[in-house]
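Engineer: So you can see what is in the structure, the chains are spelled out below.
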Amino acid sequence: MLGDLLHRRLVFVTGKGGVGKTAVTLALAAAATRARRRVLVVEVNPHGRVGEYLGGVTLGPEPVEVAPGLSVAAIEPTVILEEFALRILRIRALARRLLQSQTFRIVAAAAPGIDDFLTLVRIAGWEDARTGLQRRRHRFDLVLVDAPATGHSVPLLATPGSLLKMLPFGPLAGTARELALLLSDPERTAVAVVTRAEEMAVNETLELSSAIMRVGVPLLPTIVNAVAPLRFSRAELRRLLKEPPDVPASLRPHAAAGAFSAARQRAAEREIRRLGRALATSPVALPLLATQRFTPAAIDELADAIERVGTRRRARAVA
Amino acid sequence: MIESQRRPEPARPVESSRPFARLVDRHRLLLCVGSGGVGKTTTSAALGVVAARRGRRAAVLTIDPARRLKDSLGIDRLDGEPHRVLLADVAARGGSLDAMLLDAKRTFDALIRRYATSEAAAERVLANRIYDTISTALAGSQEYMAMERLHAIASEERYDVLIVDTPPTHHALDFLEAPERLAALLSSRAAAILQNPSLILSRESSRLAQAALAAVLRGLERFTGFQLLRDVGEFVAGMEGFSSGFQSRANEVALFLRRHDTAFVLVTTPEAARVGETLAFHRELMRAGLPFGGFIVNRVLPAHVVSDSAPDPSRETGADAALARKLALLRARFHALATAERAEIAQLERAAPDAPIVEIPLQADEPTSLRTLALIADALDG
Numbered sequence: 001m002l003g004d005l006l007h008r009r010l011v012f013v014t015g016k017g018g019v020g021k022t023a024v025t026l027a028l029a030a031a032a033t034r035a036r037r038r039v040l041v042v043e044v045n046p047h048g049r050v051g052e053y054l055g056g057v058t059l060g061p062e063p064v065e066v067a068p069g070l071s072v073a074a075i076e077p078t079v080i081l082e083e084f085a086l087r088i089l090r091i092r093a094l095a096r097r098l099l100q101s102q103t104f105r106i107v108a109a110a111a112p113g114i115d116d117f118l119t120l121v122r123i124a125g126w127e128d129a130r131t132g133l134q135r136r137r138h139r140f141d142l143v144l145v146d147a148p149a150t151g152h153s154v155p156l157l158a159t160p161g162s163l164l165k166m167l168p169f170g171p172l173a174g175t176a177r178e179l180a181l182l183l184s185d186p187e188r189t190a191v192a193v194v195t196r197a198e199e200m201a202v203n204e205t206l207e208l209s210s211a212i213m214r215v216g217v218p219l220l221p222t223i224v225n226a227v228a229p230l231r232f233s234r235a236e237l238r239r240l241l242k243e244p245p246d247v248p249a250s251l252r253p254h255a256a257a258g259a260f261s262a263a264r265q266r267a268a269e270r271e272i273r274r275l276g277r278a279l280a281t282s283p284v285a286l287p288l289l290a291t292q293r294f295t296p297a298a299i300d301e302l303a304d305a306i307e308r309v310g311t312r313r314r315a316r317a318v319a
Numbered sequence: 001m002i003e004s005q006r007r008p009e010p011a012r013p014v015e016s017s018r019p020f021a022r023l024v025d026r027h028r029l030l031l032c033v034g035s036g037g038v039g040k041t042t043t044s045a046a047l048g049v050v051a052a053r054r055g056r057r058a059a060v061l062t063i064d065p066a067r068r069l070k071d072s073l074g075i076d077r078l079d080g081e082p083h084r085v086l087l088a089d090v091a092a093r094g095g096s097l098d099a100m101l102l103d104a105k106r107t108f109d110a111l112i113r114r115y116a117t118s119e120a121a122a123e124r125v126l127a128n129r130i131y132d133t134i135s136t137a138l139a140g141s142q143e144y145m146a147m148e149r150l151h152a153i154a155s156e157e158r159y160d161v162l163i164v165d166t167p168p169t170h171h172a173l174d175f176l177e178a179p180e181r182l183a184a185l186l187s188s189r190a191a192a193i194l195q196n197p198s199l200i201l202s203r204e205s206s207r208l209a210q211a212a213l214a215a216v217l218r219g220l221e222r223f224t225g226f227q228l229l230r231d232v233g234e235f236v237a238g239m240e241g242f243s244s245g246f247q248s249r250a251n252e253v254a255l256f257l258r259r260h261d262t263a264f265v266l267v268t269t270p271e272a273a274r275v276g277e278t279l280a281f282h283r284e285l286m287r288a289g290l291p292f293g294g295f296i297v298n299r300v301l302p303a304h305v306v307s308d309s310a311p312d313p314s315r316e317t318g319a320d321a322a323l324a325r326k327l328a329l330l331r332a333r334f335h336a337l338a339t340a341e342r343a344e345i346a347q348l349e350r351a352a353p354d355a356p357i358v359e360i361p362l363q364a365d366e367p368t369s370l371r372t373l374a375l376i377a378d379a380l381d382g
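As they're listed, the protein sequences go chains A and B.
What the first sequence shows, in this note's numbering, is residues 1 to 319, in sequence order.
What the second sequence shows, in this note's numbering, is residues 1 to 382, in sequence order.
With the rest of the complex left out, here is chain B (with noise of 0.2 Å):
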């Protein structure tokens, strides 16, 4: 990269030609995205190591409060307040890493507080019934939620990088497009109709259509057991007004997201599903002009276990016979797993020229302590 395109930073380590080093040094939001089971939730808490262990002040945010998490980075409690993870070697470097939850339940009291015209309208849609119920389970508002949540606590300034692990999604894009989603459920137009039901009623041109809706709206009434449309009337004319300043600050966020410091990272393992997933999400950041940061590959077999240059062992006579054997089947299998990995990270290649990939070494054990994380972070780093 030319001097002159380098953004002007304050005094770092020196610049690193180690792509993902650079990463975390350029970017003020990294939100690693992937499918379930890949290792997205430690491979975002080794992130967090290789940026705190590069002098900068990083948080690893989630939103799922799992034990992965505070198995992995050595903490008691992960909760709405950030919990330090204690490092060897970072406080002198001016590092450190935080570990918090986007808590998404609380997000939503606290927007609901703010937007609301008044203290009491506030307070009526907080006790409304179904509040709950919306707030956890109307589609996108846990996501947005966190979206809110983190936009929140990038503008305290208090962290240099955030890194997201991001909910397991089969599109990327999920959680972008949770804003609006939400703003639209929360339009004027539903509004209007919930707070009058009969409207919804007027507006069907038929006498049949009418009375069929207010049939299924009964039969929703009898399956939820209390007087629902009521209470849903209530909430949404409770939340009047909210409507739009939901709508803007889901603009901040959606801006916030196409910054130039933040960047995507996509966590995938070698295997083809996964890949294939992998693929996918890329080009549906390409599609929505999200910044991509680069790939990583987790738990690929190191290189030193294949051993296929070396003579097939099962020749071997005598009292070793049965172990080479053995010996001699792993030698087929790591080659034949190493080919199969290699054709897979070449596909990554193809379809991000450009783009940093790194590869994270498959260990012999399970990662969930933090020596075990701090190796990651060598593989990212190294």
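Extracted from the complex, chain A is given alone in its bound form (with noise of 0.2 Å):
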């Protein structure tokens, strides 16, 4: 997993609401810091909780390094709309004017994907960044993007090319040209599905899968977040889920406990399982943590388990 992560320079990360995107997120942020890379988190939902999880820090529009080689910044649609209107009338006060009048409202809600465009052009943006000093390298290595949930994330990404079907001509469409370019490359940008391993999620995430390939944007492994870390053997389970479960009476006040559980994870596993062969790739399972509230000592414990996931695989292809 942090493999793929780590050849990427654009990876956005979306899925279901309440799967843990912003978790997930900082801590594929933490696991590359750990590999020396520079990150830079880009939120872009307006009620995010990047700054939250990171203990209390506030996002601005510009980057802001909050722990060594870990930058985050946020993307405001009013923002960005400004600095679009900036960049034509150059007098601040005037964008601000303008942006705030009923009738620019309305105008602006006619002109689709205004908004999104101007996202990714400043995503862009960042990801080609270089360093003032050294004007060869990247100002940031990976760029990771904590992506609107579902329903938002593939109009998105599929902003430059319904741009460029709209205007095929003129000076927008030559960046519309270079944002398909950067968001189909797959040496350079990936998206990568956070989803949990329930019946519902998994669909949502295959419709979800589906609509990312057509867009055109490559797919890394699923992420399938918060699953139990505690694993019963099959025998375990046979036992477990025999009516009346068949343990010994020492341990028959704690057999419903096991029941569930063990019901719990063959539905899990059977999720998993679904979601591989649907979409050819074996998921990325990342453990339920203990604690409800996430800190950032929580997104180191998953980050922890990102690492572990990488070991294995390459455990396993060395055998």
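Keep in mind that the hints were calculated from the coordinates and are not lab data.
These numbers come from a predicted model, not from an experiment.
Each hint should be verified, as a subset may be incorrect.
[Stated by the list, open to error] Covered stretches of chain A, as calculated for chain B (at least 3 residues, CB under 8 Å):
id: 1; segment: 8 to 22
id: 2; segment: 245 to 254
[What the hints assert, rightly or not] A few chain B residues that don't get close to chain A, going by computed Cβ distances all over 10 Å:
id: 3; residue: Ser35
id: 4; residue: Gly94
id: 5; residue: Arg124
id: 6; residue: His151
id: 7; residue: Ala250
id: 8; residue: Phe256
id: 9; residue: Pro291
id: 10; residue: Val305
id: 11; residue: Val306
id: 12; residue: Glu316
id: 13; residue: Arg333
id: 14; residue: Glu349
[As the list claims (entries may be wrong)] Not everything, but these chain B residues come out facing chain A in the computed CB check (under 10 Å):
id: 15; residue: Arg28
id: 16; residue: Thr41
id: 17; residue: Asp71
id: 18; residue: Gly74
id: 19; residue: Pro168
id: 20; residue: Pro311
id: 21; residue: Ala319
id: 22; residue: Ala322
id: 23; residue: Ala328
id: 24; residue: Gln363
id: 25; residue: Asp365
Ideal placement from N, C-alpha and C gives every residue a C-beta, glycine not left out.
Each of the two chains sits in its own frame; use the hints to bring them together as a complex.
Structural biologist: Here it is in structure tokens:
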């Protein structure tokens, strides 16, 4: 998993609401900084939790380094619209005034995808940003985007393509073409879909993954988050799921917990298998953490798990 | 509750002391609100099952045409027309359950036809190139149209109770404020400007500002690749006279949401982050003076799996030592989880001491079928 990630320069993390996208994004970022990458985490959701999970950091429109090698920034549609207006107007007060007018809001709402387009332009700018001293060195090795949930991430990724269809020529077409190239380049860009080992979440992930494939953005292995870390063996599953459970008297008070957990494990394994078969790639499972509140320590724990996934895979490849 | 305070009701099953049974018995409109991923759709459907079982003609309505509702209700189609859900043992009691999509686009079309000054004006708006974008992309139009459609269905009196699965939101009241936002956008001032874009320039005092605005509008025009301004102008001209109609409808819908037989149900899971959001939704409802029906806490660890009163099994030796160690870990984990969940639920109780709270146990397997939906309905009705 980590290898897949470290080979890219721009990774969008998306998935159904409530699966833990933000925690996974930050854990991927932590794992990448441990591998000495300079990482930028970009939050696209205006109600995002990146700052909260990092222990109360305020995100702004410009990247700020919050830990060694880890920078964060947020994209606010109003701010980028203002910048767009500013680019044409060159006077900030005028740009602000314009954006406050009702008329402008109707016009902007009628211009489909303008904020998505500007969001991508900004992200691509960070992907390509160079350091001042060493012109040839990128400012960030990896840009991780905490992308919007399922419903909005496909339109976001499809923006350059739909814009090119609408506007094959002109000044914006050039930018759109560059964005389309960046998003479809497997050497640079990928999408990581986060899900849970539950039937409905897997259904939605399969729909989302095929929509992303249709748009032509490369996919990383699906990340199955919050998988119960405790595993029963086949024999233990059989015994616990028997009616009544086949355990000695001393363990009987705990048999209900065991049976419940066993049934959940079986359902989760079934869903992970189904996901792997449908996408023809083994998903990556991350453990459910004991904590309920996401703190930097919890993010580190999840990053440990991401590192372990990488090692296990390599070990298997060697064997 | 004292007898005299009760609202006269038609013949019904015996009055229930179970709070959510009472909720579906006494209300005509239940709005399920919650953040994404808490199981709002399933819970709304389960409330519909409870209502149907209690002999009510119920409909569950959703804005989101996702597969989830279809999957869990066992129906093939979900669209603007009602589809009957086949439930055992409800017909004899006079109950039924339908599922329906609140189709925003179609509702917008119907409204345009209703409020247009003439047939020709309506056709002009519907044929306008940006109408499609406006009717779907304009902030709040989806939600507003859903409320509008809901109002229309409620007025038909075909159902005793409507249960609405609202879209996931960060602010509970997003969709309630939508009508006002939409009406404001289509207000006469904006309309006048758009009919004659040069007005926007004459309003600006300085020549510099005029030139600047013209430049931005040209930039937008270039961005969208068509004569955006002219289209918007035409669209708004076509909407002339609609604005007051929209406004009065919006007011009616707002009143309808505050009626005594409407209630908001907040759906959450017992996780800290979700409970925090739910408490914020609750404060918003209270501030807006909207009727609150209760909390549904979904996916609570079932009590029968918490075995911390029994001794720690990790000392077990012999053939079952490995299994015993795992069960000991599970015992510790479930104990911690149950403790954390109780603390979160206690926060909900403190926020609304008089409101009913129902817990739906976490299922060993995810609920998607009508059968598992019935289990959730049992929990709500139990």
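Engineer: So which of those numbered hints doesn't the model satisfy?
Structural biologist: Of the numbered hints given earlier, those the structure breaks are 3, 10, 11, 12, 13, 15, 18, listed in rising order.
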